[in-house]
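Colleague: Could you put the whole structure together from the sequences, leaning on the hints where they help?
From first to last, the protein sequence lines stand for chains A and B. Quick note: the first sequence uses our numbering, first residue 1, plus one each step. Quick note: the second sequence uses our numbering, first residue 1, plus one each step.
No lab work stands behind these hints: they were computed from the structure. Predicted model only: the values in this text are computed from it and were never measured. Heads up, a few of these hints could be off.
[To be verified] If you want the footprint, here are the derived chain B segments under chain A, 3+ residues with CB under 8 Å:
# : region
1 : 43 to 54
2 : 242 to 251
[Claimed, not checked] 30 Å max Cα-Cα, derived DSS-like pairs, lysine-lysine:
#  : chain 1 : residue 1 : chain 2 : residue 2
3  : A       : K260      : B       : K2
4  : B       : K112      : A       : K112
5  : A       : K81       : B       : K76
6  : B       : K308      : A       : K112
7  : B       : K137      : A       : K35
8  : A       : K137      : B       : K260
9  : B       : K112      : A       : K137
10 : A       : K260      : A       : K112
11 : B       : K76       : B       : K137
12 : A       : K112      : B       : K35
13 : A       : K17       : A       : K35
14 : A       : K76       : B       : K81
15 : A       : K112      : B       : K81
16 : B       : K76       : A       : K76
17 : B       : K112      : B       : K76
18 : B       : K158      : A       : K308
19 : B       : K158      : A       : K112
20 : A       : K35       : B       : K112
21 : B       : K2        : A       : K112
22 : B       : K260      : A       : K260
23 : B       : K308      : B       : K260
24 : A       : K81       : B       : K112
25 : A       : K331      : B       : K260
26 : B       : K81       : B       : K2
27 : B       : K308      : A       : K2
28 : B       : K112      : A       : K17
29 : A       : K76       : A       : K17
30 : B       : K35       : B       : K17
31 : B       : K112      : A       : K76
32 : B       : K260      : A       : K112
33 : B       : K112      : A       : K308
34 : A       : K2        : B       : K81
35 : B       : K331      : A       : K112
Backbone N, C-alpha and C fix where the C-beta goes; we use that ideal spot for every residue, glycine too.
Number of protein chains: 2
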Amino acid sequence: MKDIARDLGVSLMTVSKALRNHSDISQQTRERVLKRMRELNYQPDWIARSMVTRRTYLVGLVLPDLMHSFFAEVAKGVARKLGPLGYQIVISNTEEEGEAERRHVEVLLTRKVDGLIIASAQRNGQVELFEILDRSKVPYVLIDRMVAGVEANYVGVKDDDLGALATEHLIEQGCRRIAHIRGPALATGTGRLRGYRRALARHGMEVGPNYIVSGQYGDTTGYEAMRELLQTNPRPDGVFCYNDPVAAGAIKAVLEAGLKVPEDIAIVGAGNVHYSDLLRVPLSTVDQGSSVIGESAADLLSQCMEAKAPVSPRRIFTTPRLIVRDSSRRKETVV
Amino acid sequence: MKDIARDLGVSLMTVSKALRNHSDISQQTRERVLKRMRELNYQPDWIARSMVTRRTYLVGLVLPDLMHSFFAEVAKGVARKLGPLGYQIVISNTEEEGEAERRHVEVLLTRKVDGLIIASAQRNGQVELFEILDRSKVPYVLIDRMVAGVEANYVGVKDDDLGALATEHLIEQGCRRIAHIRGPALATGTGRLRGYRRALARHGMEVGPNYIVSGQYGDTTGYEAMRELLQTNPRPDGVFCYNDPVAAGAIKAVLEAGLKVPEDIAIVGAGNVHYSDLLRVPLSTVDQGSSVIGESAADLLSQCMEAKAPVSPRRIFTTPRLIVRDSSRRKETVV
DNA sequence: CTGAAAGCGCTAACAG
DNA sequence: CTGTTAGCGCTTTCAG
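Modeller: Take a look at the structure:
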């Protein structure tokens with residue numbers, strides 16, 4: 001930059017302004033500066049700039065599990081929106097551990113990210129992290145998982161509705177003994193469970209004994225949980241699973257037991273991960289609009305980051321959409 | 001920092017040194033500084049520090065596709081190693097486009113990352129990007145995909161061996177007409193193809209007419225490619241697929257055609273993505289050690305970044321490991 | 001429209 | 001062991 005100024009016989013300031021096409025600079029000078037800058041292949045030093053502007057154009061994306069393609073898709077959505085605006089995305093993988101999540105967020109704050117998008121693994125009521133966040137004044141958006149007791153921007157599905165939708169579908173397919181492999185004690189897990197209960201109640205159906213078992217996030221836990229369910233008597237004829245990986249594990253267990261999906265047991269997952277279609281039995285699922293979630297979260301966040309005054313939190317809900325594949329299709333559905 | 005110094009009646013420098021536990025500072029002073037720093041909840045300003053040290057502790061990870069769980073796993077491996085060393089990881093998703101990759105890398109260079117790990121989508125012989133990289137003096141490690149004509153650090157499998165291993169296995173299982181759904185014109189694609197040819201040659205077998213069809217990266221292309229293969233006459237009885245997603249798509253096509261896997265057509269993929277086990281037919285595959293690749297790359301890179309003088313490029317090869325599941329098991333294998 | 005002065009928060013180099 | 005001086009590359013403020 002100094003070089004450009006010297007070469008052109010103008011001051012540093014002129015160059016600085018020209019580069020950021022600041023208003024008060026003559027068209028002609030600007031051109032000359034830009035030309036010389038290209039010749040020298042000059043790149044503004046982003047760090048020096050940050051130092052004085054207090055903006056890093058870094059955004060933290062905190063996810064519990066990159067391997068779960070739902071989150072990978074969210075990440076893509078976020079990048080698609082934020083990239084063009086000049087932001088870089090720093091991804092942190094918390095492995096579903098609230099403690100690790102806190103550390104990661106703190107590091108990102110030290111790094112002075114301009115904003116954060118978080119799919120939190122904090123248990124309901126664990127609000128400490130968010131107090132830190134609020135104090136820091138760095139804008140953030142929660143995705144996929146609301147956290148009870150936290151007033152914050154949120155983008156995601158209404159989990160109750162998702163659970164109800166999946167369960168209603170099983171009822172419609174003629175299932176009479178519907179079980180649920182529930183997720184962790186987060187908003188997603190409890191919400192989906194609530195939806196499951198709501199749907200059954202509405203149809204005057206009861207939750208069978210031991211019909212709610214606890215899976216966690218992955219296929220192995222789904223497998224284990226299903227094996228438990230297979231022990232119950234009477235055996236369920238339909239299972240709504242917390243998410244697709246869990247459902248995939250569950251299918252494996254059912255088939256191994258020599259039973260058929262969906263004839264003996266119909267199964268529905270959630271998340272519509274991109275390989276749902278390729279599983280042993282193509283998996284019925286509820287789509288949450290993963291990339292839309294990423295994009296909306298990015299939009300919302302960029303508004304907050306751009307705003308000079310803090311904006312009051314908003315909540316954006318995506319609509320869960322049922323996708324019926326073989327794992328739950330027991331009746332010829334008329335389209 | 002100024003505050004700490006003032007409160008303690010020492011100079012800025014003393015504080016600065018104490019915080020970085022620089023050698024020449026008295027134990028006592030250091031304690032006092034650290035104590036006060038905790039009281040004030042002081043966080044060193046990382047940007048200001050970068051400005052003078054010329055180190056950002058940022059590492060760019062450039063991947064062609066986050067949705068492919070192979071890369072997600074690599075990312076996790078990288079994070080596991082680099083996180084504890086104080087590096088943050090900036091992930092870029094290039095969508096398999098060389099052009100986008102170049103732009104992303106350039107942005108990362110402007111951002112002054114300390115190093116890069118790249119699974120490149122540059123075609124063989126497309127070396128421009130790497131010339132830029134070399135000129136920038138920023139150390140980088142190529143993973144998974146070597147690029148012909150580029151002397152650089154590399155961590156990954158020998159693709160020839162991988163291809164040969166998979167093909168030999170099909171031969172061993174009694175397949176006599178083995179086809180290949182090949183990948184893109186990158187080192188991985190051409191290497192695996194070469195291995196496939198080598199294995200056939202070694203057994204005096206010929207490549208059937210139109211037995212090499214071009215898939216790309218994903219399941220849809222695998223599906224299409226397989227449908228093409230099904231038209232050939234005689235039909236192949238074994239197919240080695242570029243990677244697991246392609247193989248998953250291929251299986252779908254075979255089953256849809258009313259044929260059986262592996263009885264009619266045996267299938268082997270590559271990559272051992274974590275859901276390989278849950279597919280319509282559990283998929284035989286070749287494991288490349290995804291997380292080991294990530295970890296080794298991280299180790300190698302951190303050595304380069306730590307080193308004061310540029311280190312000469314090294315290549316680290318992981319051993320491909322065959323994993324036999326149902327999609328290719330035609331004989332009772334004696335273990 | 002252009003420029004001079006001041007400083008962002010920190011550290012390297014050297015002197016005491 | 002501690003402190004002084006200088007400066008990283010840029011922008012903000014305000015005066016020409």
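Colleague: Report the numbers of all earlier hints that the structure fails to satisfy, in ascending order.
Modeller: Per hint list: 3, 8, 10, 18, 19, 23, 26, 29, 32, 34, 35 violated.
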